[in-house]
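Novice: Now for the letters of each chain:
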Amino acid sequence: MTPVYVAVLAPFLAAVAGFFTGGRRPRTAVPVAVSGAAVALLAVLWPAAQAVTAGATGRYGDSAHLASVPTGTLPIGVDLRVDGLAALVAVAVGVVALAVQVYSVAYLKGDPRYSSYAAFVSLFTAAMMLVVFADDLLVLLVGWEVMGVCSYFLIGHHWEQPDAQRSAVKAFVVTRLGDVGFLFGIFTLGVAAGSFRISHAVGEAGRLSEHTVTVATLLLLCGVVGKSAQFPLHVWLPDAMAGPTPISALIHAATMVAAGIYLVARLYPVFLAAPVTLAVMAVIACVTMLGAALAALAQDDIKRVLAYSTVSQLAYMLAALAVGSATAAVFHLLTHAAFKALLFLAAGSVIHAVGTNLLRDMGGLRKAMPVTFATMTVGLAALTGLPPFSGYFSKEAVLGAAEEAALHEGPVASWAAWLVLVVGLLTIAVTAAYVTRLWLMTFFDAPRSGIAVHESSPAMRWPLVVLAVPAALLGFAGLGHGWLPHWLSLDERVPGGITPLDPAFPARPLHIGAVTSVLSIVLALGGFAAVLAVWRRAPSRDPSLRLQRLRPALEEAFWVDDLYDRLFVRPVRLAARSVRWTDDGVIGAAVAGSGTEATRVAGLLRRAQAGNVQTYLTGLLAGVVLLAVGVVTLT
Amino acid sequence: MTGALIPLLLGIPLAGSVALLLAPPRLGDRVAVRLGVVTTGVTALLACWVVAVEPSTDVAWVPSLGLRLHLGVDGISSPLVLLTAGLTLLCTVYSLKVLPEAGRPRGLIGLLLLLEVGMLGTFVALDLLLFFVFFEVVLVPMWFVIAQWGDTSDAVARVRAANTFILYTLLGSAVMLLGILLVGFKAGTFDIEALTERGGGGLSHGVQVLAFAALALGFAVKTPMWPLHSWLPDAHTAAPTVGSVLLAGVLLKMGTYGLIRIAVPLVPDGARTLAPWLGAFAVVGILYGALACLVQRDLKRLIAFSSVGHMGFVLLGIATLTPVGLNGALFANVAHGLITGLLFFLAGAIKDRHHTALLDELGGGLYERLPRLGGLLAFAAIASLGLPGLAGFWGEMLTLLGAFDPAAGLDRGYYLVLMALAGIGVVLTTTYLVVLLRRVAQGTTSERWREAVLMRDATPLELAVWSPVVLLVVTLGLWPALLLDVTEPVVRRMIGA
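First to last, the sequence lines map onto chains A and B.
Using the working numbering, you'd call the opening residue of the first sequence number 219 and step up by one each time.
Using the working numbering, you'd call the opening residue of the second sequence number 300 and step up by one each time.
Derived by calculation from the structure, the hints in this document are not laboratory data.
Yeah, the Cβ is synthetic: ideal placement off N, Cα and C, and Gly gets one too.
Do not rely on the hints blindly, as some may be mistaken.
Not the full set, but computed from the structure, chain A residues with beta-carbon under 10 Å of chain B [said to hold, decoys possible]:
{"id": "1", "residue": "V287"}
{"id": "2", "residue": "V296"}
{"id": "3", "residue": "W362"}
{"id": "4", "residue": "T406"}
{"id": "5", "residue": "R767"}
{"id": "6", "residue": "D801"}
Away from chain A, derived, C-beta distances all over 10 Å, residues of chain B [said to hold, decoys possible]:
{"id": "7", "residue": "L307"}
{"id": "8", "residue": "G310"}
{"id": "9", "residue": "D328"}
{"id": "10", "residue": "L381"}
{"id": "11", "residue": "A401"}
{"id": "12", "residue": "D490"}
{"id": "13", "residue": "G501"}
{"id": "14", "residue": "L590"}
{"id": "15", "residue": "L625"}
{"id": "16", "residue": "D659"}
{"id": "17", "residue": "E667"}
{"id": "18", "residue": "Y713"}
{"id": "19", "residue": "G742"}
{"id": "20", "residue": "A763"}
Next up, chain B with everything else stripped away, as it sits in the complex:
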């Protein structure tokens, strides 16, 4: 009976998506958005059920290719499944009132549902090829979301951003597919569970290194890892609010999830050989992202660059190959999804009201003219800089702790240097976020906005959408065991520590 749960979890948003995209145009926009809310709501409930009972499905799909429909959740994927279902629900609820500037909400909601199928599928797939399919499914709706519903002021830029996004990710995916095929055919199975159990057994060192490099490259594009990050700021600047929220909140996590779920456990020898490189790129990303944030002119672009830095911490945690580092990476994944999701919601709300996200044009005084939005922005910024007691801290702290004492066989001195550099990154992150607050939130409102009479502080619906995120950020910050209790045993089992 429970075997049908996960296919249902994917089937419901898929059905909703097909219904919306194929529906006759006379279906009203309001009805369409409501249908989206109902679909994502049911999906979210189902996701809770799935996480609670942890069912699995394993049936033959394309026997001639040995392709199996193997789906399941465990402590590593369940937080991400909940994050995906939750954020998508919030995005559709948000669309009830805040319609995209480009119009046509029906299509946007349909694409969001399709996006949800891909994202959920990626997190529940336990077969390499299936994983790949879901991983790719995400690209198409995202391309349309950016290219069709993106920044209305610059059509050329948004199409270019969408194209860059899809090109980068497709090239990464091609390399990743080679890695998948290499592992699958050398080991004789595409089943992730079986391969994890084998732990790279039967694969020569050379194959493992090659496979890890190919897999990691594909995932690194998605994460994104410096220097493969340059699609991200453009995509975020151009994307509509809900697109940015899901892009930062969930899509980036697919890359790091892939590293943790596939690259590290399936080819551990390769991981050990290449982890120091991964760590180095991670730390460069932390520093580079923070420095870039110090001089950004656009609020959304700044948040996008901050993601490069934060995902650098996630990568560093993975590169330590320790249980604590992987726990930290998983925690930071979820925390970043929530906090940056919130930041993009807020940036979108600010942009809706000012029709610009350029920091110079916004000027200071957000506390003064929009106190609720200003206060929430301050909260999100403080959470993002990793204040202990909020969710952002624990993940980053654990990744640093992992780097303090990396897995056996890794050079400890080298990792201590990485840890110290990441520590400098923490200070720089603090700096750009408080400087951001100083530029936007503190100070006085410029003449330009003084006359804008129509500016409205956060609406009840906006607050209703954001408050669950705020609540989760505080809860996870005060009670990190909520997440660590779930991930820790699975991580320990998976990397055999």
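Chain A extracted, bound-state conformation:
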């Protein structure tokens, strides 16, 4: 277990060091931050290697019980656990954290806030590692919310800008709304299972009443929906793009938003015992998947297009969980982390060169920025799900799981599986359309920016090349009897490494169906062709303008923000104002009355006792004694 402690503590200590010395010794900030992430990554490679070797022969799992905190009822256990799933996700987190630290050294060069920024990224890493390794729901919650607060500070990095302020507040409040439900879910599950321990709750899942499990999982889902930016709590993620690009790239695309998906995978047997929750998850996933993809179709800001695509792709992961395949969900989580990190960094390179986020001011960058063009094309192809890029395999694994649940028996009602299948296929067409629009508007036609554009510096170029490799090839890991399901120690019924493999449910390879493959390729090409046809008629015009009256709805993401403003923000403001009115007007008037009264009383006291402290005290004590004597004699 030592590597696990190191993985959590190294970035934590780097954060502490960063907060306390960073301001005074800016030069030490860089090595401290980078080494914190590097040590964490090195530490998690050890359990990951063990999981790989154990994958062939059996299951891998190790846990430690450090302490138990009494509460008066169920104790909080400081428990950590590592298994294949945790090790794999931890490696992804470690890679991403190290990448963000290295990239930020160049990106934030000369920024006076670098040291606190790097410390928050370190703290974020420690918190995410804690989420990954925690075996107690309340310990997990600590990491979960510390991550949220780091995200708040990082989104608000440019705190002098109103945009950044608003987005930071929104992200924190919206996710915390989900987290309150999450806390109540922890209560429900923990009290029913008799322990807050995750591995215990997973073992008890079959013995709990379906009603309890349903309530618990629905409440836990609130937190998942908030963290992983799913409808109806998805509104914070597109706005979170106000943070610096590495933060958008790596935290809001690759790690933190994945925590929700990871949590469901971790507690999967509990969710499998609640078909109602799975159906709700399927519906939420479908609404989010298609809605976010449609919204991405009409965004002007390149980062917002990618943000909505993140929301949409996370919905695929949630859909995979809903139809009973945690492996497919984690598979898509990993490929998405690779290609989305690539896409954001490539977008950062474009923005850096053009000096604007707006697609309509780009265009014609293909020749001037060949490396960015090539790598971003790979990323976009993976996002669309074109073979042989990674996104194709993982998305097919999701659709394959949906197909199986729809045609054969699955943990979720077959209508829900059908819904996932149909909407999942439809979304591929829309995804292809917005990807094509972004691709054409950025790299083709004549340059519209009016400035001389050239390729970014090597420091920004090489991460693109490095990330393009997994974005292109990671899909092959899940092929056939590929090592991924084994490595994860995850099959559809018995996730986690400790439960012995149930012979009734042998580990299944990821299922990639011929029909869904053909359909999704055809739909993707259809989406591509449609946008291309529109674009060719007027290459300098935004293809989404052809949507005409539909466009505002998509651009404003169906006015969900306005709706929330009307439903929640304004009523709360009104309530707050009426509270002030009550306090100033009604209670205040009473206070003013009693104040006059009090002055009179005080005046009397003053006259009687000459304003002398000692006399006051004596008087008070005498009063007490007199009262006591009075009562004694009266009784």
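The hints should help you fit chain B onto chain A, whose structure is shown.
Specialist: Using the frame of chain A, we list chain B on its own:
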């Protein structure tokens, strides 16, 4: 030998107080403050000793009244004793450099020491009448602190605030005294330990309900519970920094401590009958306080209203009548004392530098012009909104967990509703604190403060005073067992669960 420890714990600050208040005027202010630091320092050391050995004293005091000098500490009171001694020490150290605007530090320190006697006495008293005496002793110095050393810009307002404070609390205390006398005479003893052991035995249901109502009302004023809170914002706005710190940090805890130590265990039947009411008022307070904070114009007033909300969580924990709820209440008590104490220190420091605490006049840009103060304010706000991993979380989480599964005989569905409403309160609390940071800390400095050349970021002495608080908030947040290990067995024994 150890029997003299607790009387000594009270005697030292009392002696210091008398010495300072009676000293001839030619005693220099600096000497006076240093004397205060030495006195509170010795008291704090002694408090550590007392907590370590948990001694008790029990001698006859006024035999004709059956009044006994029964003093002692246990897991419930020791965290509060340490909190009191620690915060008072920090306040006197703070006064070394930051003198009250109103001058005359000698008198202020003398009163703080007297205040300390009352606060410590309340937490160590194990006799009802003794408890009452200490409970009342606190009022007088606090009145002077607010009325004489308060907000220098508005003399009328500060005297009115002080008067409101003392009037409210005295009326509450009168009702509470009736409750004490009712319990004492019906049960035939004023000894808290003996009465706790009896657990309401020998008291009829009617007497218990009446006694609980009277006691709870008195404590509720002090806590303060909505709608008896309206003395608090005025008192805080008017009080000097050290007054606010002790008022929020310790004085409010006397109310909830009284509920846990006296009202709940002594008349448990009454508690069971009235707990749902207490819970309802608690939750209204949580929501009302949070909503009020969203529209406050004054930083100190905002923090004061936030106390109404946070103390609502403490009350909710008590109202569940479960060990976990009471543990949560005790934890939240200490956490709130530290965090809000820190917040008031920071608000005071901000006000010292700007000579205003009005949010509109302060404007944004604290991160920009005073980065250390801004960073500390962000830390305190994040702690106050109950972020897991900092002290504020565990208390509130445990009170909610208590409400999730309240004591037998209480309506679970009703408490689930209370828990859900308190959950909304958590979100609103988050909102007003991040909105506060947005208004004050983020953004850019307005023209008005750009020219203020004399503005100095947190001084070494300020940092020295605040860093122990910050450290404790982090330590308790990361290692809640530190406190729960102490309170849990006592709570369990006390309510017989």
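Novice: Decide, hint by hint, whether the structure agrees.
Specialist: For each hint, the structure was consulted:
For A:V287, the interface hint holds, the least distance from its beta-carbon to any beta-carbon of chain B being 4 Å, beneath 10 Å. At about 9 Å, the closest approach between the beta carbon of A:V296 and any beta carbon in chain B falls short of 10 Å, and the interface hint on this residue holds. For A:W362, the shortest C-beta to C-beta distance to chain B is roughly 8 Å, which falls under 10 Å, so the interface hint holds. A distance limit of 10 Å between C-beta atoms decides the matter here; for A:T406 the minimum to chain B is near 8 Å, and the interface restraint holds.
For A:R767, the shortest C-beta to C-beta distance to chain B is roughly 36 Å, which exceeds 10 Å, and the interface hint is violated. Taking 10 Å as the C-beta cut-off, the interface hint given for A:D801 holds, the closest approach to chain B being about 6 Å. Look at B:L307: its CB is around 20 Å from the nearest CB on chain A, clear of 10 Å, so calling it non-interface holds up. Taking the minimum C-beta to C-beta distance to chain A, about 16 Å, the non-interface status of B:G310 holds against the 10 Å cut.
For B:D328, the shortest C-beta to C-beta distance to chain A comes to about 18 Å, beyond the 10 Å cut-off, and the non-interface label holds. Non-interface call for B:L381 relative to chain A: holds, since the shortest CB-CB distance, roughly 19 Å, exceeds 10 Å. No beta-carbon of chain A comes within 10 Å of the beta-carbon of B:A401; the shortest separation is about 16 Å. Chain A leaves B:D490 outside its interface by the beta-carbon criterion, the shortest separation being 15 Å against a cut-off of 10 Å.
Distance check on B:G501: its Cβ is at least 16 Å (rounded) from any Cβ of chain A, clearing the 10 Å threshold; non-interface status holds. With a minimum CB-CB distance of about 4 Å to chain A, B:L590 fails to clear the 10 Å threshold, and the non-interface call is violated. Against the 10 Å criterion, B:L625 falls within the reach of chain A, whose nearest CB is about 7 Å from its own CB. Listed as a non-interface residue, B:D659 keeps its Cβ farther than 10 Å from every Cβ of chain A; the least gap is roughly 15 Å.
The beta carbon of B:E667 sits about 7 Å from the closest Cβ of chain A, which is not more than 10 Å, so the claim that it is off the interface is violated. The Cβ of B:Y713 lies farther than 10 Å from every Cβ of chain A, with a closest approach of about 16 Å, so its non-interface assignment holds. A beta-carbon of chain A is positioned within 10 Å of the beta-carbon of B:G742; the least distance is around 6 Å. B:A763, annotated as away from the interface, keeps every beta carbon of chain A farther than 10 Å; the closest lies near 15 Å.
Against the hints set out earlier in the document, violations occur for numbers 5, 14, 15, 17, 19.
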